[in-house]
Amino acid sequence: MNATSEPRPMATSHRIVPSAPASAGERASRISARDVTVHYGPKQAIFDVSIDVPERSVTAFIGPSGCGKSTFLRCFNRMNDTIEGCRVGGTITIDGEDIYDPSLDVVELRARVGMVFQKPNPFPKSIYDNIAYGPRIHGLVKSKAETDALVESSLKKAGLWKEVSDRLDAPGTGLSGGQQQRLCIARTIATGPEVILMDEPCSALDPIATAIVEDLIHELKEQYTIIIVTHSMQQAARVSQKTAFFHLGKLIEYGDTEQIFVNPRDKQTEAYITGRIG
Amino acid sequence: MTSVLIAALVLAMMAFAYRQGYSRSRVLAGQSRLHSRPQYHGALLALWAVVPFLLILALWGLTSGQAQEWYLASLMPSDIAAGSDYASAAARLRNIASGFGVAGDMADWERTAGESLGRFNTILKLSAVALGALLGIAGLVMARARLSARLRARNHVEAAIKALLIFCSIVAILTTLGIVISLVTETVRFFTYVSPIDFFFGTVWNPGYSTTSNEASGSYGMLPLLLGTVMISGIAMLVALPIGLMSAIWLTQYAKPRVRNMIKPVIEVLAGIPTIVYGFFALVTVGPALSGLGDVIGLSINATSALTAGIVMGIMIIPFISSLSDDIIRQVPRTMRDGSLGLGATKSETIRMVIVPAALPGIVGAILLAVSRAIGETMIVVLAAGNAPILRFNPAEPTSTFTVTIVTALTGDADFASPQSLVAFALGLTLFVITLMLNIGALVIVRKYREQYE
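Chains as they are written, first to last, in this note's numbering: chain U, 462 to 739; chain C, 3 to 456.
Looking at chain C on its own, in the form it has when it is part of the complex:
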């Protein structure tokens, strides 16, 4: 029986239960006034039928792997079950059982064991479905017997919907929590190889990638990466901030509505371009152009450098700043603007001295959000920054960032248990903490700003 069939069965039960509740409550409605509309009676019955079914299926999904494991051990000759080949033997048996097939000839015991494992799996699945369906029907029958005109079906269904919503939020929270926990544990593992002091305050980044050794060979000082990250984000903000803010001011204060409705989507299209395309653009167009410009004015600018990556990242962030500031400036009450104009201030005086100061907290929040995006950005820097984790302050030279180094650490064929790979988690955690701080700061500022006009 395939998953599609099981899903169809569940849906059919749901439809049947709904129909039952709906028509039964219509009959009840003939006798006295219903508390809830028939739809709610139907939905309540559908819930009673489907929820037990789904719970049993979930239970089966969670435990079948473990059950299979127990059964597997009993199928194998005792020498293999206890030996070091257990894992590969188990994998072979599973493949035989599922009909996937295995390389090489099957031993007789393997064939019979595989077949009985397949039977075991089928029985397990069928019994789970049968049990689920049975419980579902039991729930349906029980709930149908309880249907009455005064039954508060609407309240029960509302409670069930609330429970579903809470469940979804919990899934989201637990996922985040799980990611953080895995980051932290892996980071702790990394720090068993390299001391945190060397990591946080070291000025040399040279992990000496070797695939053979699990020992920490080389230096893991993150300061060059921090400098590269800060430098590129800083250049990006220098590009994005004036352009984004001023375009927002023009859009909100000067542009005619018709023009604004045309320009705004165009600016926002910039935000929809995949970052890999920006990276490509940086590598192929901006880098060589900057390098050529450097030749003209007598500066040596590398084609892949902090400058290239920063400028292109700044272009990427423009719509972010522009559209956030646009919303914030628009929230400044019109009466404030009129007050200033009514005193004889010019448009630009009004913007400079009343509108922007009034919107400033919100704009700062937008800037912090933009910075946290810049810091986490990967593709542009991978392609355009040159990947040279060296501590130097010249933006015209290649550099490297946290994100680039994480990519380098996890691609390639290093063992995932080696410090060379584990360092990615430590870098990721550091990056996470930095952006988290920026986001919290931005949220606090934006919230404070919101209260101002309420």
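Chain U on its own, in the form it takes in the complex:
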């Protein structure tokens, strides 16, 4: 880096957790969105959404189907770039760095901001290769031993190690739905992200598998900033510290989860929480 250039905010705030926030429970924002809009062709899907997502916590996006919560989530790792005719406006910064800056490498961004999808989507490869895929393409591992270690630690973090340690060569597609989803989480963890985006990660799972994944989310928030989109208000209440309610592409209300569910300020939020919208 050029010595005369200003130190980038990212470099200073990187691994440091602010120790004395203004009020208890409040933390410094890692992700910050300002006036974000998304268009699909002529149709506008997201209207001027501004939000600050705190570090090392779980933030839930809730709202009725088609409210734009998944679309908005996909702005944070620029997955919307892969959709034909999709345009994103406004600014999104992570650690003060604009992720839509033309000079930013989207490949690096996606290594830092991992994503878990609605349907478990393991590659048709072995469990081992599924995990090793990300680290290999990013050159994070240099030897077989390093890869082995990373695969093991990722599977352990995802709580899957005990179940699959004896069959790492078996195809990932042969696991049960819940195991596949945890494999996808392990695969995401393996690239060493700071943020994990989860797009309705439990919608294809049964209640038991859902409970296991929710427990896992609890553990992961100690290390990662997590944003989860969910259809289930109970799930949002169970796993998240902050909740944002979206309706028709607009952010209606954003606050502490407890406040949103116990004492919503907005009429529409209340209507949704009590089951009158959606």
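None of these hints come from the bench; they were simulated from the model.
Bear in mind that the values here come from a model prediction, so they are computed numbers and not experimental data.
Be careful, since some hints might not be right.
Not the full set, but computed from the structure, chain U residues with beta-carbon under 8 Å of chain C [to be verified]:
1) LEU534
2) ASN538
3) VAL568
4) ARG571
5) ALA572
6) GLY575
7) MET576
8) PHE578
9) ASN582
10) CYS645
11) ARG648
12) THR649
13) THR652
Heads up, the beta-carbon is just placed ideally off N, CA and C, and yes, glycines get one too.
Given chain U, work out where chain C should sit, using these hints.
Quick look at chain C alone, frame taken from chain U:
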């Protein structure tokens, strides 16, 4: 009475029977609720009227030739009927009977015999039509009497449709079976002249075409032809595989929808060009160009060679591979692609490491199908390969294939019973077995692949 009139009669009966059933069931509907709609009653009656009619006509078609034969013998003077001229005499009589006329003067007995044969034929045909119509009417009357509100006409008609569909499949299967059987029997006949070992393992192909001898003169080793076939198909695949596969990848992963909708039909037009046009293109354009190129770089390349035929055949197969792989790659779930991109893989990494491996079994199936097409292709090699059935490994020299040799064996004026012609069946059978194996392999692989995402 001509065939058109008979067809008109059948159709008229069908329409009449349908009308009858339709209106009768409408009357019945006034009394109680119908089980089936009136259309089905009409269709059922039409079936009862037309099927017996058609069966009688079919029976007549199958047996009239034989009946005519019996009658013919009785018409001729006994010396001719028993003599060696029987076949030509019978042909003359048939031509007289049909009014086609014959060369030369007719003998008196021929004229009278021909006329009575004509009468015989007419009576036979008329009685067949009359019997058919009678049975049809009987069926109609019987079925009409059975019409009732509760009659399950719909079920009967459905059963008849099912029977028709089964019949059509059986026709298709029997035709295939017939072709295979004729191939096998003729091949067995060929092997009475030439030993199978000489045929399958011989390295010299020189049948010594002679029109006089029925003896096997010359050598019938198929290895030079097998080599030529494999070499040309191999060159074709070397051309078609990279171009076809990569264009499929570009079309599915990179091209904008508008561009894809323009490009894809253009590529598929290649598949619609008749192969003779490709052959012509090979002979007139590609061959001389290759030969000229050879001169420039100091290689001797023949204008008609395995290389010319292979390259042009490869161009022909491109759309085949491209469009099959396109479909297969498109079947790879989008979530798989998103998963890889979401991990920070680039587009080409995603294609190389996730999409193509996921689609690989299907792509292999497509390749095998393409190879079996290449092996069976005829016109391009007839024109561009040079027809030199010699065992040599230089693709720049003329060569020959199974298909070309079959064409050569069956055209020209060799006797169809001679080994020189019969060898075509042995070659055809070998070719058939090879392509069958490839197709079965492709189907097995493609089926396995289908199950993967279900």
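Would the hint on U/THR652 stand, with a C-beta cut-off of 8 Å toward chain C?
holds (6 Å)
Quick check on the hint: U/ASN538 CB to chain C CB, less than 8 Å?
U/ASN538 check passes; min Cβ-Cβ to chain C is 7 Å, inside 8 Å.
Does the closest beta carbon of chain C sit nearer than 8 Å to the beta carbon of U/CYS645?
Where the cut-off is 8 Å and the nearest Cβ of chain C is about 7 Å from U/CYS645, the hint holds.
Satisfaction of the U/LEU534 interface hint, Cβ to chain C closer than 8 Å:
violated (11 Å)
Status of the hint placing U/GLY575 at chain C (closest C-beta pair under 8 Å)
holds (7 Å)
Does U/ASN582 pass the interface hint, meaning its C-beta sits closer than 8 Å to a C-beta of chain C?
U/ASN582 check passes; min Cβ-Cβ to chain C is 4 Å, inside 8 Å.
So, as I understand it, the hint says U/MET576 touches chain C; can you test that by seeing if any CB pair is closer than 8 Å?
holds (4 Å)
Supplied contact hint for U/ALA572, tested at 8 Å Cβ to chain C:
holds (4 Å)
Closest C-beta approach of U/ARG571 to chain C relative to 8 Å, hint status
holds (4 Å)
Was the hint right that U/ARG648 lines chain C, CB cutoff 8 Å?
holds (7 Å)
The hint names U/VAL568 as touching chain C; please verify it with the least Cβ-Cβ distance against 8 Å.
holds (5 Å)
Under 8 Å, Cβ to Cβ, is where U/THR649 needs to be relative to chain C, so tell me if that hint holds or is violated.
holds (7 Å)
The structure fails to meet hint 1 from the earlier list, while all remaining hints are met.
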